[in-house]
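Colleague: Listed here are the chains, written in short residue letters.
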Amino acid sequence: MAEVTMLEAIREALFEEFERDPAIVALGEDIGVFGGAFKATEGLLAKFGPERVIDTPISETAIVGAACGMSYLGLRPVVEMQFIDFIACCFNQVTNFVAKSHYRWGAPVPMVIRGPSGGGVHGGPFHSANPEMYFVHTPGLKVVYPSTAYDAKGLLKSAIRDNNPVLFFEHKFLYRRVKEDLPSAEYTVPIGKAAVRREGRDLTILSYAAAAHTSLEAAQILEKEGIDAEVIDLRTLLPLDRDAIISSAKKTSKVLVVHEDTRTGGIAGEIAAILCEDAFGYLDGPVARVTALDTPVPYSPPLEQYFLPSVEKVAAAARELAKY
Amino acid sequence: METKLTREQQLELYYYMQLNRQLEERLVRLFRQNKIVGGVYSSMGQEAVSVGTSYALEPRDWLAPMIRNIGALLVKGFKPRDIFTQHMAKATSPTHGKDGTSHFGDLKNLHVISPISMLGELIPVMAGVGMAGRYLGQKIVAMTWIGDGGSSTGAFHEGLNLAAVQRAPLVLVLENNQWAYSTPVSRQVPLKNLADRALAYGIQSRIVDGNDAIAVYETSKWAVDECRAGRGPILIEAKTMRMKGHAQHDPAEYVPKEMFAYWKARDPIARYEKYLTEHGLWDAKVKAEIDARIERELDEDQQFAEESPLPSPETAEQGVYCEGCHEVQADWRRPKEQVMPPAASVEATWKVSDFGAATAPPRAQNTAHAKPATPYHKAAPQRPASPSAPLEGSSEKVVAQDIAVAPPLRVPFGRGPKDRVFEREQQQNQPSKHNPRRRRRR
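Those protein sequence lines, which keep their order, are chains A and B. Quick note: the first sequence uses our numbering, first residue 572, plus one each step. Quick note: the second sequence uses our numbering, first residue 31, plus one each step.
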């Protein structure tokens, strides 16, 4: 089989789910005739028609609102944010209407909001964001952020089939850069389960999305220096796979968290708290973190590079941690 | 206004309006007895709007109430006990104490969607309900309400615009009760008629006397029928008056006394009682029977609510996610094959018939409806009314005139002579004195 990019894997998931269940519809800006800004929905309109693939006005609140209303009638809408940054425009609809629906009055909202996220492509302050933590802090949502083509396909399928609203982050740096053979048979990847990308004894690097690849590269460098790092890809941020985090921490006794999200209020802080609660006695050193800076995502390449976590920064932090 | 409603139906309208009012008066008493957990948002004076609009819906139709639409909830089938228990935060309430007031709904049977407190957000949601209903072949209509104040939110505009582009079967009732909390409508919207908002979306609209139950019903029935025939969405402005404060804590001293007096003389229930009497639809005995029934039902349900327990604390942790507790199932009323390939497949190109150049002076265009592009050859003929068909009978006549004569609104109220923006605008209107190079002082 030919290798498939993450973008193609996402498209495959959409086509297969659309084929499987007529209750699945898609809404978004330029997703129909144009096939989406990144072509994730290319061909979907031609095959499934304008009743199921709906080109909308530039109205994020209306898009998510309409999708919510559709889900109340038993449909499973998949909403595209042209860039995930624009989810800020419908923050109220997502966090107050959609997220609280089941808790408040028992009305499930089986909806997926997916969109390209993340930096490294010189998109500047409004086309590079990692806004996942706004939503990880919102009970009622699920937040998924895959790093491989296999996971993207399997997790998107799970997200579409889930009875809860799922935010599905697609790291645009990875869209065409990660490739792999996918099984020809149908599969899904469960939401809420982390994956061990590399087994190791000396320390644990917890990461997700593009930063998971950065962490793996750093682990290869560290290996040559005699540091055996375990790399875990969280894949889902809400619900977080506490068991995977704690069991790896108990195994290596040292934990480094790497994320491309900004530092303050990032998932690293939550993970540090979880480890203090449930694995404190097993830790040999402080929970370390390598993150983006606490700034907006800058535009110019040297600035952006300085802003983002890098292989060097991860390796350096791991060396420090390994000394404990 | 003429009506085809039977005598029984007209008496039922009275029943619901009076039930609405008596229920809320009991809520006020309970509030004063400290038995209500949160606020009580009175709809006194607006009962004809809630009841008259929702009475035009069929059981298969969907509605989403706002805070002052308890009457609509009663018409759709909720019981006074649901309202009592919601306000008293009891375990027996439809939300089991998770939310209060009119914030509850029922997906399966009554087709009611719970509102949130942020205004306007229901409009896109109900547009989506209408779109989904059409997709599933259900021939339903969605109805929701918005206040004069709420019509200024972004969600209102986004939602109504999307509904218009999609020709969604949505009836939006703009309940103009003159006050957005303490702010009069004139400071919210620079329009005499809020129905004029419809012009911006190329949709039909009507203005109705919101204190005339029959007129409200007939206008709503027309709107519901239009939507069901594929000629939605429709905006109805119901002109009415909020006769109490925003909520119980608010004595509404900012409202001129004369204004209350004016509207009190037009009380919707008193007017309707007079109407029933003048048309020989009832007599004192019938009225007494209905009133007694209302008292009986309210007694029973209030007692139920007062005797109900509060929820057990640990349930606070439950129900954030659907973990198999609900089945998500669409009610298909058309063959699924129609929305699957090959039947659903189209050529993915836009068919643009209007190239968009100016063809007439812009002002004259005010009354014309822009023709949206008609895409995908297969899709268009399925709809009864082509989206490109011009819509007749909207309220544009009034509209265009109002917009044309309305003076630009710029009131430096509350900011005084130090209002620099105002000052600057004044200077810009006198170009000879204006020096563009003058620096703005901060």
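No lab work stands behind these hints: they were computed from the structure. Honestly, I wouldn't trust all of these hints.
With a cut-off of at most 30 Å between alpha-carbon atoms, the simulated DSS-like pairs for lysine-lysine come out as follows [said to hold, decoys possible]:
#1 B/381 with A/610
#2 B/251 with B/169
#3 B/169 with B/304
#4 B/315 with B/304
#5 B/315 with B/287
#6 B/109 with B/251
#7 A/618 with B/222
#8 B/109 with B/294
#9 A/728 with A/795
#10 B/109 with B/304
#11 A/884 with A/822
#12 A/610 with B/138
#13 B/169 with B/294
#14 A/618 with B/304
#15 A/728 with A/618
#16 A/618 with B/34
#17 B/381 with B/34
#18 B/294 with A/728
#19 A/728 with B/304
#20 B/315 with B/138
#21 A/795 with A/610
Here's a subset of chain B near chain A, in silico, CB distances under 7 Å, partners left out [as the list claims (entries may be wrong)]:
#22 135
#23 137
#24 148
#25 154
#26 156
#27 290
#28 356
#29 366
#30 370
#31 374
Among chain A residues calculated to face chain B with C-beta under 7 Å, some are [stated by the list, open to error]:
#32 591
#33 594
#34 629
#35 646
#36 663
#37 664
#38 666
#39 678
#40 734
Glycine is no exception: its CB is placed at the ideal position from the N, C-alpha and C atoms.
Colleague: All the hints need checking, so say for each whether the structure fits it.
Modeller: Right, here's what the structure says about each hint:
no.: 1; hint: B/381 with A/610; verdict: holds, 21 Å
no.: 2; hint: B/251 with B/169; verdict: holds, 15 Å
no.: 3; hint: B/169 with B/304; verdict: violated, 37 Å
no.: 4; hint: B/315 with B/304; verdict: holds, 15 Å
no.: 5; hint: B/315 with B/287; verdict: violated, 35 Å
no.: 6; hint: B/109 with B/251; verdict: holds, 23 Å
no.: 7; hint: A/618 with B/222; verdict: violated, 48 Å
no.: 8; hint: B/109 with B/294; verdict: holds, 28 Å
no.: 9; hint: A/728 with A/795; verdict: violated, 38 Å
no.: 10; hint: B/109 with B/304; verdict: holds, 27 Å
no.: 11; hint: A/884 with A/822; verdict: holds, 24 Å
no.: 12; hint: A/610 with B/138; verdict: violated, 37 Å
no.: 13; hint: B/169 with B/294; verdict: violated, 40 Å
no.: 14; hint: A/618 with B/304; verdict: violated, 60 Å
no.: 15; hint: A/728 with A/618; verdict: holds, 19 Å
no.: 16; hint: A/618 with B/34; verdict: violated, 47 Å
no.: 17; hint: B/381 with B/34; verdict: violated, 44 Å
no.: 18; hint: B/294 with A/728; verdict: violated, 58 Å
no.: 19; hint: A/728 with B/304; verdict: violated, 61 Å
no.: 20; hint: B/315 with B/138; verdict: violated, 38 Å
no.: 21; hint: A/795 with A/610; verdict: violated, 40 Å
no.: 22; hint: 135; verdict: holds, 5 Å
no.: 23; hint: 137; verdict: holds, 5 Å
no.: 24; hint: 148; verdict: holds, 5 Å
no.: 25; hint: 154; verdict: holds, 3 Å
no.: 26; hint: 156; verdict: holds, 6 Å
no.: 27; hint: 290; verdict: violated, 34 Å
no.: 28; hint: 356; verdict: holds, 5 Å
no.: 29; hint: 366; verdict: holds, 5 Å
no.: 30; hint: 370; verdict: holds, 6 Å
no.: 31; hint: 374; verdict: holds, 3 Å
no.: 32; hint: 591; verdict: violated, 10 Å
no.: 33; hint: 594; verdict: holds, 5 Å
no.: 34; hint: 629; verdict: violated, 9 Å
no.: 35; hint: 646; verdict: holds, 5 Å
no.: 36; hint: 663; verdict: holds, 5 Å
no.: 37; hint: 664; verdict: holds, 6 Å
no.: 38; hint: 666; verdict: violated, 10 Å
no.: 39; hint: 678; verdict: holds, 5 Å
no.: 40; hint: 734; verdict: holds, 4 Å
Hint violations for this structure: numbers 3, 5, 7, 9, 12, 13, 14, 16, 17, 18, 19, 20, 21, 27, 32, 34 and 38, all remaining hints satisfied.
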